[in-house]
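Let's have the full structure, built from the sequences with the hints guiding it.
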Amino acid sequence: MLPTGIFVEPTTPSRSRVSPTASPGKRRRNERSTSPELSRLPSPSKRVMRSGALTTPGTTRIAKLPAHYHPCLQAQKRAIMAALRNPPEIDLEANQDETPSTNELAYEDLCDLLTGSVVRGEGNSCLLIGPRGSGKTRLTDRALAQVSNDVSPIVIRLSGHTQQNDRLAIREIAWQLSHQTGKRIALGDEEDGSNPDVNEDEMDQQDIASLPPPAYLPSLISTLPSQPKPVVVILDAFDEFALHGRQALLYCLLDTVQSCRVGSGLNGLAVVGVTNRVDTINLLEKRVKSRFSGRMLRTAGPRSVQDWLRLTRGILTVPLGKEDDVDGWKELWGGSVNRFLEERSVKTALHETWALVKDVSMLIRILTTPVLMLSPASPFLTPASLMSSITEQRCPVGNSFLTSLPYPAICLLIASVHTQTAGHDTFTFEMLHQLFRDQVRISIAAPVQIEGGGSIGMAFEHLVTVRVFVSVGAASSMVAKEFVKYRSSVERKEVKRTVERLGTMSLKKWLGKSQQVHN
Amino acid sequence: MILPGYESFATLFTDLLTTSPPPFVYIHDVATPHITSSVVSSVLVALPDKPPFLHAIVNASTCFTARLLYDTVIRKLADWTPTWESGCQLWGDQRWNENFDGFIHGLRAISVERSKSSTAKTRGQTTQSTPKMAIVIERAESLKEYLPDLLVPLSRLAESTKLNLTVVFISGYPWQDLRPLVGSAPDPLYVQPPELSKTDTIQLVVNHFPQDESNSHNPVFLPLYHQFLSTLYDVCSPFTKDPNELAYIAAARWPGFVTPILDEYRRLLDEARGDPGDEEEFELTAPTEDARIRLIRLFTPSFTTALEALYPRLSNADEWATDNKPQRNLLSSGFSGANIIDKSVPQTPQGSLTDVLPRMSKFILLAAFLASTNPTKSDIRMFGRAVHERKKRKRGIVASARGGTVKIPQRHLGPIIFPVDRVLAVLGILLEEYDADSRPPAPEYKLPGEYSDMEIRRVSTYSGITELTAMRLLRRVSPPERLDGPPMFKCAITYEVALRVAKDLGVPLNDLIFEPA
Chain A
1 MLPTGIFVEP TTPSRSRVSP TASPGKRRRN ERSTSPELSR LPSPSKRVMR SGALTTPGTT
61 RIAKLPAHYH PCLQAQKRAI MAALRNPPEI DLEANQDETP STNELAYEDL CDLLTGSVVR
121 GEGNSCLLIG PRGSGKTRLT DRALAQVSND VSPIVIRLSG HTQQNDRLAI REIAWQLSHQ
181 TGKRIALGDE EDGSNPDVNE DEMDQQDIAS LPPPAYLPSL ISTLPSQPKP VVVILDAFDE
241 FALHGRQALL YCLLDTVQSC RVGSGLNGLA VVGVTNRVDT INLLEKRVKS RFSGRMLRTA
301 GPRSVQDWLR LTRGILTVPL GKEDDVDGWK ELWGGSVNRF LEERSVKTAL HETWALVKDV
361 SMLIRILTTP VLMLSPASPF LTPASLMSSI TEQRCPVGNS FLTSLPYPAI CLLIASVHTQ
421 TAGHDTFTFE MLHQLFRDQV RISIAAPVQI EGGGSIGMAF EHLVTVRVFV SVGAASSMVA
481 KEFVKYRSSV ERKEVKRTVE RLGTMSLKKW LGKSQQVHN
Chain B
1001 MILPGYESFA TLFTDLLTTS PPPFVYIHDV ATPHITSSVV SSVLVALPDK PPFLHAIVNA
1061 STCFTARLLY DTVIRKLADW TPTWESGCQL WGDQRWNENF DGFIHGLRAI SVERSKSSTA
1121 KTRGQTTQST PKMAIVIERA ESLKEYLPDL LVPLSRLAES TKLNLTVVFI SGYPWQDLRP
1181 LVGSAPDPLY VQPPELSKTD TIQLVVNHFP QDESNSHNPV FLPLYHQFLS TLYDVCSPFT
1241 KDPNELAYIA AARWPGFVTP ILDEYRRLLD EARGDPGDEE EFELTAPTED ARIRLIRLFT
1301 PSFTTALEAL YPRLSNADEW ATDNKPQRNL LSSGFSGANI IDKSVPQTPQ GSLTDVLPRM
1361 SKFILLAAFL ASTNPTKSDI RMFGRAVHER KKRKRGIVAS ARGGTVKIPQ RHLGPIIFPV
1421 DRVLAVLGIL LEEYDADSRP PAPEYKLPGE YSDMEIRRVS TYSGITELTA MRLLRRVSPP
1481 ERLDGPPMFK CAITYEVALR VAKDLGVPLN DLIFEPA
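These protein sequence lines are chains A and B, in that order. Counting in this note's numbering, the first sequence runs from 1 upward without gaps. Counting in this note's numbering, the second sequence runs from 1001 upward without gaps.
It should be emphasised that the hints constitute simulated quantities derived from the structure, not laboratory data. Even glycine gets a Cβ: it sits at the ideal position worked out from N, Cα and C. It is possible that some hints are incorrect.
[Claimed, not checked] Covered stretches of chain B (in silico footprint by chain A; criterion: 3 or more residues with CB under 8 Å from a CB of chain A, positions within the stretch not fixed):
no., stretch
1, 1014-1025
2, 1095-1101
3, 1239-1246
4, 1488-1502
[Unchecked claim] Simulated restraints, written as ranges between beta carbons of each label pair:
no., chain 1, residue 1, chain 2, residue 2, range
5, B, 1486, A, 503, 43 to 51 Å
6, A, 356, B, 1181, 18 to 26 Å
7, A, 487, B, 1042, 36 to 44 Å
8, B, 1050, A, 377, 25 to 33 Å
[Said to hold, decoys possible] Calculated cross-link-like contacts (lysine to any residue; reagent style SDA-like; alpha-carbon spacing at most 25 Å):
no., chain 1, residue 1, chain 2, residue 2
9, B, 1407, A, 472
10, A, 485, B, 1178
11, B, 1116, A, 397
12, A, 493, B, 1195
13, B, 1325, B, 1297
14, A, 496, A, 397
15, A, 485, B, 1410
16, A, 77, A, 329
This is the structure we're talking about:
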């Protein structure tokens, strides 16, 4: 346990309760209670929000929703949440005159490629590259569903995140094959399907007992074209597979793909790599690269802000099922969404978000909380709820809890700023404690007051627990706790902002001292 | 029951789960993650059975290996209790804990199993509903420590299982600290739990008031307990607002706080017994407003002492409550002093280490402290015994010029390492200066300093050092098996302890420190 610096202020407790400087906590609470949401927002958006609310009074806030619409609201919420989990395609009819979107082109190419393998028995490989949230997985699923209408292939899905080495990958291939063909997949020297009657339990136990060594990779993968149905292998996080030792899995897969010839009586094989890393092709070894077809399909998120807004509207106005619909609800809800999206502040916010991140998943996260907060008391979306959701989701401030730190912890933070000013980036507890005691001693007006006592050591430990102070170097039993070196992960500016928000004069002055020296 | 202050959070979370939950949710709560966890679990338990909703709440710090995590999640989702008779068998007909693939297969198996059973129940309808699942991982920051490889697969679990599944992380750290460096994990939906207000915190603690007719937790005291907590919160809130800590301090102080009322009640009861007929009228009632104000005024100073002792756990609640018992009949005696503690109760003895050490060991300890605190180069200046040495002694750090780095006293940077020879040399000086007069006369030592020199060469001096090392007051830095060079040590006592020892021996410690406080 750290030594506890217990400082008892000179005044009596009863006096300290009434003295104005003695109640930092109370003042903090009052300040926070005025507007918890507003205080978190940066000032420009605050202004925008207020003006938005002022210019359209009463348009988005209907006092109370008639009771017969309550089930509709719940149904609408459910429908929107479902749409958020599985967002609708952007309405393509609206921009027919434009060239087809990247995703559509990729979809057609992928369909062609898969059809080649599944229907005509070709060996194909391609890479699907696109940023996060641009719809790679959806596109693959759609293409597979499209192809499966004629002949349903065996689909083997692997992920570089899950199968972290080739041994795991080969086992998973064997498992998925056996589950989709209903046959046991022999590994190694045994012939394929030689023992089809073995029931699954036994097979799995055998599998567990002996993980196939990577040496069996070629023999397993070369059996893929001889399966009863064509095989499609989807490698999610393709770049991770390229980091496996000797790229053995990729080599074997692509080699098999290349040697897969039409008309040899075998079924087709397609390998689709999905990745968000643009330079994936450069990761491949030469022997692997030369076996790869080099086909790279690209996906992209919404092309323009209009698409982004259209998607938003599409999600928010997702139609209800027939059983939930009540006369007039669709118009009421549609009108409210229109008004919401026409608000200047909402438009700006959505534009800004689009300019920063073109990731649809971000839009989904931003919309989730406002939709969840809908209730019969506040039945329609408001700009304020969107704003607070944006600050929470788009760039969550890791240090927003600083203002709620206990008083001694704030003192320690200020002391850490002082040590930084003095040229020491790392500090020990004793250094901060000394600074704190000095400050208490030299200020006759007792600018730093600790009301009655408490433990500064606990405050220090609290700061270490919430990782405001990060230990430098490995922990050692040889160093006593109070001499372990730490550095502060909070910038000087943030400390300043926190202290200003708390509004305690004495703390401000103390922090100000370090800045005078600094300047 | 939903805890006070968490109502809107609970509603939001219920709505989130009962509609289409996003695949990955992150709840970041710095102040009270344990309370948030309990709210989340109560929300999950309270969810309706139809449509089926499976959930598993696991603590990442108890599931420190991948197998433990897989098994616990599968067991809880399947609502499976292993029995001794069946050989503590896990759920399912095979093991799901081999690797992450096995885990995914296990989750799918559970989903299939549950959808089968749910369709079996409602045979009339043909719609087969796949159950929703939620996996809540408390203290998710431990994952980064124990199972860093699982962070990305867990965050993508819904995608890889193709199930209607939500993974919820609850942690005291922001996701930015946890997520792997390469952007392979998807960003979660951040959910911010509310900050507890004063009323909520007090209500949280009041909810745990153990109601018991016989003693200090009589239900009639509930309003008083509320007021008591309110005052306690005002005293403690600048330091901690954690309801658990407040409850701990309250548990230590409350029995003492109501003792005067109980004393008064017993007194009145005794009086009534003397006067037959009135016996039934006396029931324990809540004290009057006047008595309440007096009680709170009398006890408020002791709240601060309780905070000082109990928040850093320098004492435990039970011991502290015994030591701070109020005087008997405090209310009726008209007492208005500051100290309400009953002096007749024997206080818990506070044993001090320095009391048990022999005199020589104290000197060794002091010498070790000086050797650890003063720079090696300063020894001649500090302890030199030449004729005019004292005048030349110039100590401390000269304040550096503007803009330069301020030098930090060694006292704040931690003890430096010294060889055993150095501590013996310092010990010799200390003994000569502050111990020589108290020794028994030894006429065989004629040269000045010979007696002290003899003292430091005794076996007992060396065994004293070894003993202090065994007591961890000194720390041996060099490995014991190393033969070349003197053994190296480091002092492990604080400045305050050293001051006490020095006072004991009559040594002016601050004069001997190169950079005094």
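For each hint, the structure was consulted:
1. 1014-1025: As far as the stretch 1014-1025 of chain B goes, the hint holds, because 7 residues have Cβ atoms under 8 Å from chain A.
2. 1095-1101: holds (count 5)
3. 1239-1246: holds (count 3)
4. 1488-1502: Per the Cβ count (4), the hint holds.
5. 1486/B / 503/A: 43 to 51 Å: The hinted range 43 to 51 Å is violated for residue 1486/B and residue 503/A, with Cβ atoms some 57 Å apart.
6. 356/A / 1181/B: 18 to 26 Å: holds (21 Å)
7. 487/A / 1042/B: 36 to 44 Å: holds (39 Å)
8. 1050/B / 377/A: 25 to 33 Å: holds (27 Å)
9. 1407/B / 472/A: This hinted pair holds, its Cα atoms lying about 19 Å apart.
10. 485/A / 1178/B: holds (23 Å)
11. 1116/B / 397/A: Violated, at about 45 Å.
12. 493/A / 1195/B: Between residue 493/A and residue 1195/B the Cα gap is close to 24 Å, so the pair holds against 25 Å.
13. 1325/B / 1297/B: holds (16 Å)
14. 496/A / 397/A: Roughly 16 Å between the alpha carbons, so the hint for residue 496/A and residue 397/A holds.
15. 485/A / 1410/B: holds (13 Å)
16. 77/A / 329/A: Judged against 25 Å, a Cα distance of about 13 Å means the pair holds.
Hint compliance for this structure: hints 5 and 11 are not met, and every other hint is.
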